[in-house]
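Spelled out from the first residue to the last, the chains are:
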Amino acid sequence: MKQVFKRPESLSKTPFHYCPGCDHGVVHRLVGEAIDELELKNRAIGVAPVGCSVFAYDYFDFDFNQAPHGRAPAVATGIKRTRPDAIVFTYQGDGDLAAIGTAEIIHAANRGENITVIFINNAIYGMTGGQMAPTTLIGMKTATSPYGRDASTAGNPIRMSEIIATLESPAYVTRVAVNNPANLMKAKKAIYNAFKLQKEGKGFSFVEVVSICPTNWGKKPADSHKWLAENMLPVFPPGTFKDVHGVEKA
Amino acid sequence: MAKVLMKGNEAIGEAAVLAGCRYYFGYPITPQSELPAYLSKRLPQVDGVFVQAESEVAAINMVYGAGSAGARVMTSSSSPGISLKQEGISYIAGAEVPCLIVNVVRGGPGLGNIAPAQSDYWQATRGGGHGDYRTLVLAPNSVQEMADMTIEGFELADRFRNPVLLLSDGVLGQMMEPVNLPEPRDYDVNSKKWALGYPGKDKAERNLCSSIFLDVEELEEHNWHLYQKYQVMTDLFSEGQYKDFAVEEHLCDDAEIILVGYGIISRILKTVVEKCRKRGIKAGLLRPKVLWPFPTKAIQRLADKAANFLCVEMSCGQMVEDVKLAVNGKKPVYFFGRTGGTIPSDFEILNEVDKIVRPD
Ligand SMILES: Cc1ncc(C[n+]2csc(CCOP(=O)(O)OP(=O)(O)O)c2C)c(N)n1
Ligand code: SF4
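Top to bottom, those sequences are chains X and A.
Straight run, no breaks: the first sequence in numbering that gives the first Met the number 0 ends on number 249.
Straight run, no breaks: the second sequence in numbering that gives the first Met the number 0 ends on number 359.
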């Protein structure tokens with residue numbers, strides 16, 4: 000019998016600890032597939048954040064560093080500069096990347112570090128129990144915005160892809176979602192493109208994945224994906240903001 | 000190699016290169032600026048990497064990344080910047096990644112000033128960041144030692160898989176003295192089997208650099224493992240291989256009063272000892288060259304012989320607590336300090352000695 004579906008080699012055999020329906024597992028799989036397809040497994044080094052994906056190192060079957068909250072792009076810089084032949088990526092949530100680690104991501108992007116960043120934007124702090132994130136939508140209720148996010152005191156949802164795309168150095172900045180099969184295929188391609196660019200030494204690649212957090216959103220996974228399509232995608236529109244080398248056309 | 004005239008900060012930079020360090024990550028701050036300036040010029044000449052980071056926080060995490068990938072790596076800063084690095088240092092210590100961190104101490108707290116100080120002793124010797132950990136702390140007192148201890152610092156960091164802190168100050172950083180530089184050493188990024196990207200490992204093996212142990216029992220086990228390592232270090236520095244490296248004793252054998260001081264202060268204390276001796280006061284100098292592990296045993300031995308101890312610091316009194324712990328009530332321990340960036344004069348200290356040994 001021909002095997003048509005199997006675990007990517009780049010993923011370990013450890014079962015995911017993520018909540019049922021969480022997008023983290025799906026995105027891990029896409030990262031694993033991209034690394035397998037590009038035959039990069041033996042060169043890959045991941046950097047895990049602080050957040051629900053802190054144990055990402057358990058799920059991938061290659062070397063990993065576990066970085067302080069928000070500092071993954073700085074840690075990745077140190078690794079990549081030391082081992083230029085390694086394929087180095089960070090995997091970060093929106094608290095990690097868009098709040099405490101804003102300086103690190105902007106400057107790693109601006110230096111054009113030849114690394115890949117996978118950014119999970121689920122509009123909330125998952126691990127710490129559903130607090131407001133910089134990406135939380137206006138009016139959205141969270142553990143620390145019980146009356147709904149109020150723009151007059153808490154500002155507006157921050158769009159990291161758009162911000163990073165204003166910089167000259169990054170090679171590839173794109174936003175995707177994994178809420179339906181069509182978007183999933185686009186996300187798969189985007190993650191593949193990002194690693195391909197790094198493999199070719201073409202510079203900084205950034206893939207934002209608009210994701211769900213059913214547990215802290217208080218919704219079932221299917222309802223969460225519907226809510227994402229109706230509420231998050233208008234604020235965080237999928238699309239490619241920068242593609243210096245035309246990797247999407249290739 | 001012939002002797003060359005160098006600033007302390009530059010001597011650290013050149014020594015780092017000679018030690019095989021090829022990676023520097025830092026953020027500008029006075030009074031250590033000559034060091035990154037030197038390395039930004041020097042490292043590219045030897046195919047090294049110099050990155051001016053966006054902050055001290057980013058710099059120490061670049062160090063964490065590079066060190067975890069096997070690099071011989073360093074960063075430098077001065078007091079406020081070292082405060083910012085503490086979270087990263089804690090992770091580095093927890094993950095047991097070797098690196099060298101230079102603190103050219105300036106006056107604090109807060110923004111303080113840019114004058115030389117020793118007020119970061121507690122931060123340096125107590126770990127500084129959160130959690131049960133220690134950093135090895137070296138305290139040079141000359142430009143020559145800035146170079147020597149930089150080289151030794153990298154070796155010690157690798158040997159113990161632990162961050163090493165070089166605690167200097169604005170005077171040592173800025174002053175010029177002749178230095179004897181050693182022959183360059185080779186360092187191979189692929190010499191550490193545990194490093195990320197280590198090419199020699201079995202296909203099934205993978206390396207992980209992490210400080211997270213969510214399971215209570217696992218973290219306890221890890222912390223005791225670290226503790227045991229610190230115990231080994233303590234033994235080696237107090238009685239073993241590094242005993243002489245750890246402390247300098249000058250005219251202590253017959254001394255009635257022992258002056259205790261580290262770094263630039265120890266040079267002033269040497270003058271004070273000479274002046275005391277000329278005036279018939281039997282003074283001696285004990286200089287900790289390694290501040291953690293602290294030379295407790297050396298002080299204990301002297302506490303049986305000498306009558307008094309006077310600890311002198313450029314702070315309101317920090318190391319004096321360790322001296323008191325070592326003396327353990329056997330003899331009186333006095334303190335004299337100037338703070339805020341002021342350097343005490345030999346005259347002032349002599350006055351203090353007089354007050355102790357000739358109280359009339
Ligand atoms: C310095 C520091 N501050 C705060 C925390 C607590 N903390 C852990 S995870 C987290 C937020 C994670 O949210 P996000 O990055 O969005 O990832 P998610 O859990 O949603 O995947 C916070 C604030 C920490 N570990 N370290
Ligand atoms: S808390 Fe949210 S982000 Fe974290 S695993 Fe659960 S669903 Fe996923």
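Worth flagging that the hints you see were computed from the coordinates, not collected in a lab.
Worth double-checking, as some hints may not be accurate.
[Said to hold, decoys possible] Quick list of simulated restraints, FRET-style, between CB atoms:
id, chain 1, residue 1, chain 2, residue 2, range
1, A, K202, X, K1, 19 to 29 Å
2, A, D187, X, A150, 51 to 61 Å
3, X, A150, A, H224, 46 to 56 Å
4, A, P198, X, D149, 51 to 61 Å
5, X, P14, A, S39, 31 to 41 Å
6, X, S168, A, A36, 21 to 31 Å
7, A, N189, X, S168, 26 to 36 Å
8, X, E199, A, K202, 54 to 64 Å
9, A, D214, X, E161, 53 to 63 Å
10, A, D243, X, G154, 54 to 64 Å
[To be verified] Below, a list of computed lysine-lysine pairs in the DSS-like style, where the Cα atoms sit at most 25 Å apart:
id, chain 1, residue 1, chain 2, residue 2
11, X, K195, A, K329
12, A, K277, X, K198
13, X, K12, A, K202
Positions of the beta carbon are idealized from the N, C-alpha and C atoms, including for glycine.
Would you list, in rising numerical order, the hints stated earlier that this structure does not obey?
-> 5, 8, 9, 11, 12
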